[in-house]
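**Q** Residue strings, one per chain:
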Amino acid sequence: MILTQQLDRMDRAATASDLYEFSAKLYPICRSITGNGLRQTLRMIQERIPLELQEVPSGTQVLDWTVPKEWNISDAYVKDSSGRRIVDFQKCNLHVVNYSIPVHSRMPLSELKKHIHTLPEHPDWIPYRTSYYKEDWGFCLSYAHAVSLPEGEYEVCIDSSLGDGHLSYGELLLPGTSNHEILISCHVCHPSLANDNLSGITVATRLAQLVAKTTHRYSYRFLFIPGTIGAITWLSRNPESSKRIRHGLVLTCIGDRNSFHYKKSRQENAEIDRAVAHVLKHSDPSAKLLPFSPYGYDERQFCSPGFNLPVGCLMRSVWGTFPEYHTSMDNLHLLDPESLIGSLKVCASIFDLLESNRRFKNLAPFGEPQLGRRGLYPSMGGISPEKELHARLWTLNLSDGNHSLLDIAERSGLPFDIVCESAELLFQKGLLATAD
Amino acid sequence: MILTQQLDRMDRAATASDLYEFSAKLYPICRSITGNGLRQTLRMIQERIPLELQEVPSGTQVLDWTVPKEWNISDAYVKDSSGRRIVDFQKCNLHVVNYSIPVHSRMPLSELKKHIHTLPEHPDWIPYRTSYYKEDWGFCLSYAHAVSLPEGEYEVCIDSSLGDGHLSYGELLLPGTSNHEILISCHVCHPSLANDNLSGITVATRLAQLVAKTTHRYSYRFLFIPGTIGAITWLSRNPESSKRIRHGLVLTCIGDRNSFHYKKSRQENAEIDRAVAHVLKHSDPSAKLLPFSPYGYDERQFCSPGFNLPVGCLMRSVWGTFPEYHTSMDNLHLLDPESLIGSLKVCASIFDLLESNRRFKNLAPFGEPQLGRRGLYPSMGGISPEKELHARLWTLNLSDGNHSLLDIAERSGLPFDIVCESAELLFQKGLLATAD
Amino acid sequence: MILTQQLDRMDRAATASDLYEFSAKLYPICRSITGNGLRQTLRMIQERIPLELQEVPSGTQVLDWTVPKEWNISDAYVKDSSGRRIVDFQKCNLHVVNYSIPVHSRMPLSELKKHIHTLPEHPDWIPYRTSYYKEDWGFCLSYAHAVSLPEGEYEVCIDSSLGDGHLSYGELLLPGTSNHEILISCHVCHPSLANDNLSGITVATRLAQLVAKTTHRYSYRFLFIPGTIGAITWLSRNPESSKRIRHGLVLTCIGDRNSFHYKKSRQENAEIDRAVAHVLKHSDPSAKLLPFSPYGYDERQFCSPGFNLPVGCLMRSVWGTFPEYHTSMDNLHLLDPESLIGSLKVCASIFDLLESNRRFKNLAPFGEPQLGRRGLYPSMGGISPEKELHARLWTLNLSDGNHSLLDIAERSGLPFDIVCESAELLFQKGLLATAD
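Chains as they are written, first to last, in my numbering: chain A, 1 to 436; chain B, 1 to 436; chain C, 1 to 436.
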C-alpha cells in the first residue's frame, strides 16, 4: 500500500490546496486540440513532472485520421456601433467557438446572429462550442446577453490563425521492474473549463509525482493529450507500447463534489474494472459502476475493437450529464479541494491494489496449518483481530495458485489491504509461495 | 426489415378484417386429428397459399406412435321422448366428444348421463372433449342444460365412422437462398374453437403470403398439422428436413386481447428465444417470457431430446390458463382483428430480425474511424440523431466478427432495427465486412 | 427413498425420545480433545453401532500439527477460607478451563482472579473455555458468582494430568456396492454442552443405525472425532480414503428449535450442496444457505485447498451466533426431541437423494413416447396426477445422459422424489436406460 501510505504521510490540507491551486493556475489558458495554449499547459505540467513533449506535424496520417492544422488565437471581440467591446475574448475564452477561422468585418445584427451560440435553458451561462473539422467561426454568448443586443452594425474580429503546424501532447513513462504498463490518460484540450478537465490534469500530475517517489512493479505511462485526435495519434505511433498496457484509467471530471462514477472497460470484467469496483465499494458507498459504452472520452479509442485495452474511465459527475458541463459554469467554483485529494487517494488505492494483486500457493495446503505455534493468532489487542484471523484463513484456503488476492478479497468480503497484509505475513512465515 | 415494411404498406384495417374473416370462415367446420373436416380446412388454406397436402395411411408407424383410424361424422343428436332434438351436433359440433364411435340406441337418462360431460364451474358453457386413443362416445353439454334433463327415455345417435383412412396435413416450403429453415407450425385439429387455434392458422397463412412475396435468406417451412400425432408424423417422415431447422415457432392462441407470452425452446437461449425476447421487449412492454416445459403444444415434440430443435411457442393468452380455453366460449367473440394483425406483425418482426442477424467485421478497428469526413455524423434533423450515432458507434465497436447484430442490440439496449440500419450504412461506406 | 421410508416406519415419538435420552446420557461426561471422557463417550456410542476406536500416540506428527499430550481430570475445586467448596468441578465440568494443568495451592482472591473467566454480558451463565496448546489453568464462573467472592485466602485444586498418552477417535465404515464414500463427521470433544455437539453425535449415531439396515450404493464413513486435531489426524492417516469421499456433511448444533442452516462446501455448487439445498427447500421454508467460509467446524479441514472435499456443514442454529453457544446454557433444555428427529429425517432425505441421483437416457428420444398405450397417464384418482404427468414428461425430456435426476428436479421445480419415482417407472417400462 505504498502510494496511499505516502499520501497519508503528507499534509492533507496542503496537498488539497496545492491541487486546487494548480487547477486555478491552468484555468485562464485558452487550450485547444493544437496550438500554443496547449503547449503552455504542457510546459506548466513539465514544471512538476519530467513530461516529454511530442510534436506531430499537421497532415500526419494517424490511424483513420489526419493531424489537423494548428490553431492559434491572440484576440477576438465584437464591437458595437460606438466601438465598445461588447463581447471580449480577453474576458472569457469560451466566447469564441474553438478553432474559429480568422474573421474581421462589419455586419448587421441579423448576420452576426447566424454565428452566435447560446443556451436558452440557462440564460446566464455561456456555452462551449468547437468546430475542429469544419472551417467556420462563431461566438458563444449567454442567452440573456444575445437577446439584449440592439439592431445596428457590429464590428466582428477573430484574430486567429489556422495553418500547418503541430499537434502537441505530453507523455511520461515511469519504468517499473516489469515492462507491463498501467496507463493514465487525460485530455488537455479544453479551454477555461475546470472539472472537465483541469481536475483530471491536476490529479494525474500529482499521481505521477507520487509514483515517481516509489518502487513499483508496473511501469506507469501518463498521457496528457488532446481528446480523440490525441489518443488516436498516440495509439498510431505506439503500437508496441499499447500492447504492454495491462490496466488503464482515463481521468476526467473528478474535481466536483459528487460521489464517484466508474465506467467499465469494454472487457467489463478486466482486473482494472474489478480493482476500481473493490476500492470504491470500500471507500465510497454511493459510488456507481456504469457499463461500457463506445461514446465518452478517450476510453472509446483505447477500447476500440482492434486494441480492446482494459481501460476504464474514472469520474465523479459523469460528462454530459451535469448541468454545468461544457458551459462557463464549469469554473473553479465547481472544484473542491477535498474532492481533488479524494480522487487522488482513490487512484492511489487502485494502483496499490494492482501492484499487490498477486497469486500465492499455500505450502501447507492439507488441513489448516497450526497458526498458534507460528504466532499467527492475532493478539486480542489488535485493531480487528477477528478480521485479521479471517483474512489469514481465507488467504490460506484460497491460495491454490489460481486465486489472486483480489479474488480472495471479493469472495471473503474483506477489504483488499487486510487480505494483502495477511498474504505478506503468511509469506514471511513460509506458509505461502508466490505463484505468478 | 422486409416483412414489416410490406405489412406497413398494406391497408391495416383491411388486413385485420381479412384475418378475422378467414377465422370466421373456418370456424363452423368440425375438425379432428383426421378426417374430412381437417381436409376441408387444409383446402381452404390452399386457396390462399400453395399448400402441399399429405395423406398418411392409418396404421403407419410414426416414431413411437401409430397413425390412428380416420374419423368422420355427419350428424349426431339426442332426442327426447317426444322426438325433439334436445342436443344437436348441427348447431354446435362441440356437443360430440371428438372421435366418438358410432352409436344409435335408446336409453334412460341414467344411462345417458354416463356419457355426458359438463363444466359445473361455468354452468352455461359447453366443454370440448376428445377420446382419440380409447374407443368411446359421449356428448358435451352445458351444465345448466344437463341438469334440466327430465327423466325418461332418450334416443341417442352419433352418425360417425372410424376406420382405415388417412391422417392429413399441409406443408409449404418457401425456399430461400440458404437451405437453413425457419419452421412455423400450427395445429389444425380443433373443431369450433377460435383462439385455439384458428388464430394460429390464420396468422400462419397470412405470414406465408407475406414471405412468398419477398426475397429471403432462410427457407420457410409452414406446417398445418393435427396436434401431437401430426408433429410426430412429420418428424418421423422428414428426418433430413428437421436437421435443417435453425429456428422455429409454434403459433397458438394469438388472436385474443391479452399481451404476448412466449414459451422458450428447450435450449432456452437459442437465437429464436433471444430474437422473440428482443422484439417483444421493444413492442409489448407487458409481454412475458415463460421457461420451457415439456407439456403444451407441438413444441414438446420438436423439443424432445432426440431432436432438441430451437422451437418456441408464441401465444397471447397461454393455453390451459384462460377460462374460455377448450370451451364453447372460445368462439369468434374472443378474437380481435387488431390482435390478429398485431400477432402477424410481431412474427414479421421476428423473422426480419433473424434474416438480418449477421456478424460483421470492422475494417478500421484501431481507434474510432473518423465519421465526420464520411458524412456519418447523423444530421441534427434526423428522427433521433443521438440513437443513430450511438448505434453506429456500438456497431463499429462490437463488430469484431464474434458479435451478431442481436448481440450488439442487446448490449447497447438499442432496438435491433436501428443497429441493423447502422450496419447496412457502415457496410455501404466500406467500414464493415460481413463475417459469417 | 430407503432411509426416509425406514424412518417413517418407526414410532416417531419413541425415536425422538431415544435421541434425546442418548444426548442426556452423554451430557454429564467431561470430554476433551483427548482423555478418558472422550474414550468413555466413544464406548457409549459403540454400544449402539460397531464403531472402531483408534488411539494415536501423543507426539505423532499429523499434517502440520502434533498430537498433543493426553489430558485427564478427576476433580477440581476452589475452597474458601472455611474449607467450603465454593466452585466444584463435580457439579459442573465447565468450571474448569479444559486442558488445565494440575494445580494445588492457596492464594489470595487477587491472585485467584487472574485465573477466573466470566461472561459479564450474561451474569448468571458459566462460560466454556479451553487452553489446548498453551499450558495454563483456570476456572470459569458466572459473573455474579465471581463478583460476590469475598476477599480472603482460597484453596485452589485442579487434580488433572497432562502427559504422554493417546488421542482417541471413533470410525465406522458401512460399505456399499461402490467404494465411493459419503462422509458424516461430528466432533466429540466438548464437555457438558448439549447442542454443540451432543446433538450431532446423537443424530450421527442414529443415522449409522439406519444406514446399517439398508442396502446402499455409497459406502458411508462415520467419524466421531475431536474438533480440528481429530480431523487433521484422520486426514493425515487416511490419504487414500479421503480421495474416495464424494459427498460429506459435518453435523453440529442440530438439536435446538431453530430452522436449518447449511454452510456450503468450498466448491459451493457440489452435488452435496445442491442436494441439501433441494431437500431444505422442499422441507423447511425458513432454511437458509450460507456461503463457505474457512472458519467454523471440521469442514474447514476437509475443505482445505489440498483436499478440497465436497463437505458442507448442517446446523440449525449457527455456531458462534446463538447466545447460549459455549456457555452453561447450552444444556439439555436447549435440545428438542422433535428437532433431533427432524434433523435425522433431513439427513436421511439428503442421503436418499444422493443414492438415487442417477443419469438416464431416454430410449425413445425422438418425439414424445406414447404414454397412453403404456398405462403411463396417471390415473385421475392419484394423489397429484398432474405433478406425476409433469414429472414423467420432464424426466423423458431431459434424460439425454447429461442431466441427473437432481438437475431435472431443479429445472422442473418438482420435488426430487416425484422425479425419482417417475424415472423408476419409466425405467421399468423400458423407456429409460441408466447412463452412469
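Hints in this document: simulated from the structure, not taken from any laboratory. Model, not experiment: these values are computed from the prediction. Do not take every clue at face value.
Where chains are identical, the list cannot tell them apart; a pair therefore holds if satisfied intra-copy or between any two copies.
[Unchecked claim] Mimicking DSSO-like on lysine-lysine, the simulated pairs with C-alpha atoms at most 27 Å apart in a straight line are:
1. 113 / 243
2. 213 / 429
3. 243 / 213
4. 79 / 361
5. 213 / 345
6. 91 / 361
7. 79 / 281
8. 113 / 361
9. 288 / 361
10. 429 / 69
11. 213 / 79
12. 91 / 134
13. 91 / 79
14. 25 / 113
15. 429 / 134
16. 134 / 387
17. 134 / 114
18. 387 / 281
19. 69 / 387
20. 387 / 213
21. 91 / 69
**Q** Taking the hints in turn, state whether each one holds.
**A** Against the structure, the hints:
1. 113 / 243: neither (49 Å within a copy, 68 Å between copies)
2. 213 / 429: neither (29 Å within a copy, 50 Å between copies)
3. 243 / 213: within (26 Å within a copy, 52 Å between copies)
4. 79 / 361: Neither. Shortest intra-copy (75 Å) and inter-copy (54 Å) distances fail the 27 Å Cα cut-off.
5. 213 / 345: within (16 Å within a copy, 65 Å between copies)
6. 91 / 361: Result: close neither inside a copy nor across copies, 63 Å intra and 49 Å inter.
7. 79 / 281: neither (54 Å within a copy, 57 Å between copies)
8. 113 / 361: neither (71 Å within a copy, 45 Å between copies)
9. 288 / 361: neither (34 Å within a copy, 32 Å between copies)
10. 429 / 69: between (62 Å within a copy, 26 Å between copies)
11. 213 / 79: neither (52 Å within a copy, 67 Å between copies)
12. 91 / 134: within (26 Å within a copy, 78 Å between copies)
13. 91 / 79: within (14 Å within a copy, 93 Å between copies)
14. 25 / 113: The answer is neither: 34 Å in one copy and 67 Å across copies each exceed 27 Å.
15. 429 / 134: Classified as between; 20 Å across copies, 66 Å inside a copy.
16. 134 / 387: Close across copies (23 Å), not inside one copy (60 Å); limit 27 Å.
17. 134 / 114: within (16 Å within a copy, 86 Å between copies)
18. 387 / 281: within (17 Å within a copy, 32 Å between copies)
19. 69 / 387: neither (59 Å within a copy, 31 Å between copies)
20. 387 / 213: neither (31 Å within a copy, 46 Å between copies)
21. 91 / 69: The answer is within: 26 Å in one copy meets 27 Å, while 87 Å across copies does not.
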